[in-house]
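Each chain is listed here by its residues.
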Amino acid sequence: MRYETVIGLEVHVELATASKIFCGCSTKFGQEINTQCCPICLGMPGVLPKLNKKVVDYALKAALALNCKINQETKFDRKNYFYPDLPKAYQISQYDKPIGEHGYIDITVDGEVRRIGITRIHMEEDAGKLLHESDPTSSLIDLNRTGVPLIEIVSEPDLRSPEEAREYLMQLRNILKYIDVSDVKMEEGSLRCDANISLRPYGQETFGTKTELKNLNSFKWIAKGIEHEMARQKLLLDSGEKVTQETRRFDVNTQKTVLMRSKEEAHDYRYFPDPDLVTVEISDDWIKEAKASMPELPEKKKIRFMETYQLPEYDAGIITGEKELAQFFEDTAKEFRGEAKVISNWVMGDLMRLLNSENKEISDCAVTAKDMASMLNLIEDGTISGKIAKTVFEEMFLTGKEPKTIIAEKGLVQISDVSELEKIIDEVIGKDIKSVRDFQNGNKKALGFFMGQVMRQSGGKANPKVVNELLAKKLNAFEIKE
Amino acid sequence: MEFQKQTIRQLSEMLQKKELTAKELTAETLKNIKEKEKDIDAFLTICEEEALQEAKKVDQAFDTYASPLKGIPMALKDNMVTKDIRTTCASKILENFIPPYDGTMAARLKERGAVLTGKLNLDEFAMGSRTEYSAMKPTKNPYDLTRTPGGSSGGSAAAVASGEIPYALGSDTGGSIRQPASYCGVVGLKPTYVRVSRYGLVAFASSLDQIGPITRSVEDAALVLNEIAGYDPMDSTSVNCSVPDYTKALTGDIKGLKVALPKEYFGEELHPGVKEEILKAVGYLEKLGAKVEEVSLPHTKYGIAAYYIIAPAEASSNLARYDGVRYGVRAKEYKDLIDLYEASRSEGFGEEVKRRIMLGTFALSSGYYDAYYLKAQKVRTLIKEDFAKVFADYDVIVGPTAPATAGKLFQAAKDPMEDYLLDVYTVPANMAGVPGISVPIGFSENMPVGLQIFGRHFDEETVLKTAFAVEQEVCFDTTKGARR
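Residue numbers (my numbering), protein chains in the order written: chain C, 1 to 482; chain Z, 1 to 484.
Keep in mind the hints are simulated off the structure, nothing from the lab.
Ideal Cβ positions, reconstructed from N, Cα and C, are used throughout, including at glycine.
Warning: the hint list may mix true and false statements.
In silico BS3-like links for lysine-lysine, alpha-carbon gap of 27 Å or less [unchecked claim]:
{"#": "1", "chain 1": "Z", "residue 1": "K384", "chain 2": "C", "residue 2": "K97"}
{"#": "2", "chain 1": "C", "residue 1": "K69", "chain 2": "C", "residue 2": "K28"}
{"#": "3", "chain 1": "C", "residue 1": "K54", "chain 2": "C", "residue 2": "K185"}
{"#": "4", "chain 1": "Z", "residue 1": "K384", "chain 2": "C", "residue 2": "K75"}
{"#": "5", "chain 1": "C", "residue 1": "K97", "chain 2": "Z", "residue 2": "K275"}
{"#": "6", "chain 1": "Z", "residue 1": "K275", "chain 2": "Z", "residue 2": "K414"}
{"#": "7", "chain 1": "C", "residue 1": "K97", "chain 2": "Z", "residue 2": "K375"}
What the simulated footprint calls covered on chain C by chain Z, stretch by stretch (three residues with Cβ under 8 Å from a Cβ of chain Z suffice, anywhere in the stretch; the number is not a length) [claimed, not checked]:
{"#": "8", "segment": "47 to 58"}
{"#": "9", "segment": "275 to 283"}
Extracted from the complex, chain Z is given alone in its bound form:
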């Protein structure tokens, strides 16, 4: 049996029918991970012992609680805090950091009997879109090992696409779940901002960060969201509204669905091969009875500029705590307190993180605040209004997740601005706080293409329903990346 090609639903059924024990599944998964890691490099930490122990515990108590995640192996992006398990954010400054507490995701999944197999690679502190800014190692795209898996949740997407694990959690601040999901041919869901608790997610940009699942099917994304969504008293921004059973939305019936196609998502930056696949998928939607119309999200083009002020501004404050004083790595030599800070941070942070800290510090500085931070917040309001206007008349907005497919590793643009511009389709959902999913729909020059679907605030149901309908129609084989 090739567990590595199964979905959560399939594995869960096998466990429930006792065709398989959690321990067997976990042992096999760990073996598979070790094998695949030679090529993929998705994991920063593999928790072999802990995983086997957890699986044993699950087997012993299998009849007491039936979450579909029970006994299923998974892994977390390494910016989610796990008690007693190293949490590095792929940064040198935290390479020795062992948290004394579990974040809400680790705690909730543990409670449901999910088996944590390890921690996944990312761009340092989730800043980047290639997973090359990891201070530890780059992760490879399972479809082509010379290409990037995308980022920053590149480890999560690659681990799921390569068949190492059936699902992973990622985090999405400007596209970091959806873009790597698109590059690796898997499903990536960024829920509504505050739908999933941020407690225990190491903050990059607090007003934009959101945790979500990366899976091999839309149904699995719904299953995982069922378990992780909902109010958390530890997160003051989380909302106390009920969580529906998202799997119920997956009917395949989208007759009469009003679909908006924003013209700003089909500009000249969009690669023709990608565009072709996207329009094909839009055709399926129409075939299934959806009503598709072109709309405008006029402030899309300002999204990147505003995002690269707000996110670094928040990051400059969020990352100030890594000073080498209380935990993490401290420089070996320093003359005095200021030198301790400067040396530890200079040695501990990578180039991209430093760039964003400086950008953000500047944007918040006295005399510049109004011109940058405040102005960016105004743009953010305009982007929100763009979405609100379209959602007054349409149920979902669809378009490409990224302008192109995964590029070659180590071919990042010399000017970071060029790479930043590649976030143009994903950033607006974070700015507006709306849910967005990337679902694989085809290939362009042998690399996967993802269709992006946005929904109204807290309407993940319609997003998943639409994604499911497309998925059924395109029959994309998400296990193709696991061919090795």
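For reference, chain C alone in the conformation it holds in the complex:
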């Protein structure tokens, strides 16, 4: 039977505040274990939580960016469960009055725009980390992460394929990065994703039994994990068995999803309002302020780039995927005299290739938008060839030097002088009479061959446009002496 997949994602995002949600400890990642803690985040007897206002600020921005309705009276609740990484044995979270509800994100998959509902977004504190390395009979705890602020973003079960899930997560990540509320680095755990997955026969309205898939903590494994779980459920359904509601984990090593706990083992969290904290009132002014500080968001920017710069959707999507990249593009476009598509080709090609190979972000790239534009202008006015430009650009990327300096230092100015080029062409043609004959007999490939020879002879500096013209003329006029 053919099934439709129904997916909802629960995403945890660490907010990039300097201090923790309920105490003054630093949130810095990768510090020596148990050095970023105090009696409050350690849950010592007698301590009380004290809300960091920045956390509400960031969560509010996120909720607005995700088109949520804001609960102007939002409160904190206790989620009770025992685990060694949770010092109070309850997590301060939000239950029935989360900061935001009823939002959405628009995603584009295969050229089709889909609106994915966001059920809720709420604030909570992170737990610590268990370290199971040293001894098989005991575990160690690092509580540096305890109390780091999180927002949890729960989507509606609106996603229908692993690709959509991945696209939703990408879009979500881009938005949160745009508004500067999180580093959203999956590898550091500042973005974590769980998926609720179920199958139903096409056309059926009611949802099938879902399983929750944990540990989808890299973009690489999101789609893979979901695919594996889909396959597992399909196999069960096809053989007449039932899917049981349970929590599973994707194991990257075995490429399988494994059972973590069944529904019977599920916790009863016994939520109740935290009496140690007061209701947070979010005023109209606060919302207004948050809205005013909001940058143009990726989806909107993408559409504007398509219109203003005539970029194809694919290009616009990639370039607006990162705020800094989009800024780089726009700054370059301001100074560049040619078509904007040329910029996007360079950005998506050489620039991103170099960034990836050096593992760098656009923000720590040595090439300024101004230099990028001046290099592209030098191609445009024929000072350097596109090929030379690649060399120049690499040098710019490594040294941060201006393109003109590099060209002067390395003598890379394009040769457009006719007499100089004619000298090279004559020499090249004179060496290979056979190819000249081929050309005159109608083999156009020979032109390319000579072009390559001229380029090599000139050290790549020959102006290909001029050479092309001269070469054709010369080859046609050449008289072969038998």
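Position chain Z against the provided structure of chain C, taking the given hints into account.
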């Protein structure tokens, strides 16, 4: 000189006049404590060295700051966190717990030069009304060593009544300051909820817990409240409103004061001997020019039921952190993680604490939340409204603190419900968050009787003013318990 019979005011004056040094006073106090402890058992920890050192420091800098608490010995109920000094909550699970920080009370009192002499006994985690549920030892009533001092701040009340220390801090979740104060013939004040910071008070039921003073006079209660009340940035629920000088309210003049007498506080559970004393005190109020009228607080009878859902529910969550993983006592033997939790908690908690954790866990469970916790919260709102209605027309509400005087030790009812019902007069003030005081007014069968006075939110001034007027009239000798 018998320091043990002096009030804070008297001792402070002697220190200021240099008739006495803080060190002398502290040394004498410690000697006295050691002597009395043979009978009373109010202290769980005595900080002899620290106290003498602190007193020396105070003497050296006596002219720089003149808080009336400076140089005066005191002690804290052992559910208030003290840096480097064992804080046990009278529980086995915390018997080795030495906090790495000072709670706000310890810090504020230290700042004012108060001399901490030790930590006082209580019912384990403040759950109980006899101080018999202490995992360490029971405390005795200084008036009759075969009787309970009440609880849960039984150690605090007994230490003050026996003359061991001039004042102590207690905590009151359902009557735990006022009831032992009443049983031991001393003054016990539960301020308005959030008037005094809870930071560093080991939580029992966070929405009800409140710290307050236990003293030998109403004036001393006002003096201590002056120093401990006020906004604390470490407690998000604390309120940023100014603290008046409470001693200014102690004029003795209550002419025209409107006093409400709730009929629900004079039901058949009220012991006739106690009732007689209470009505006598009410008579004094009238004599002094107060206008006394009977009113109704109709939801009083539901108070206990709602309280014994809300308080255990919060406690079940607050006490979950004692799991033997990070601090406190861990069971010696366990098979795995779950077993570690179960064994440590089974061994570490006493019977009453376990009972309340189970009650509370049940009340919050999915499927029962609406029927119990939510319903109890609704009752709480009704009780608040009861008080608001009466306070629209009256300045204070008065009645007995407890239905009877202190009972015999180890005679707790077989059915815990019977003991819970004895909190009937004290619990409503916690539910409504209003201030309440117990002031000693007389004796019934040789045991002290306390009059309870409630006031409007943040109107401790009128409560203290009324208590002071009664105190002046009845001339109760609060040092009588120190006769030994």
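>> Between the alpha carbons of K97 of chain C and K275 of chain Z, is the straight-line distance 27 Å or under?
In response: 48 Å, violated
>> Please check whether the segment 47 to 58 of chain C has three or more residues whose CB lies within less than 8 Å of a CB on chain Z.
In response: This one holds; 5 residues, not fewer than the three required, reach chain Z with a Cβ under 8 Å.
>> Tell me if the straight-line CA distance from K384 of chain Z to K97 of chain C falls inside 27 Å.
In response: 24 Å, holds
> Taking 27 Å as the top limit, are the C-alpha atoms of K384 of chain Z and K75 of chain C close enough?
Replying inline: With a Cα-Cα distance of about 22 Å, the restraint between K384 of chain Z and K75 of chain C holds, given a limit of 27 Å.
> CA of K69 of chain C to CA of K28 of chain C, is that 27 Å or under?
Replying inline: 31 Å, violated
> For the segment 275 to 283 of chain C, do at least 3 residues have a Cβ located nearer than 8 Å to some Cβ of chain Z?
Replying inline: It holds, with 4 qualifying residues against the three required.
>> Check the hint pairing K54 of chain C with K185 of chain C against an upper bound of 27 Å on the C-alpha distance.
In response: 20 Å, holds
>> Would the hint linking K275 of chain Z and K414 of chain Z be met if the CA-CA limit is 27 Å?
In response: Satisfied, since the Cα-Cα distance of roughly 26 Å is no more than 27 Å.
> Under the criterion that the straight-line Cα-Cα distance not exceed 27 Å, is the pair K97 of chain C, K375 of chain Z satisfied?
Replying inline: 19 Å, holds
In the structure shown, a violation is registered for the earlier hints numbered 2, 5, in ascending order.
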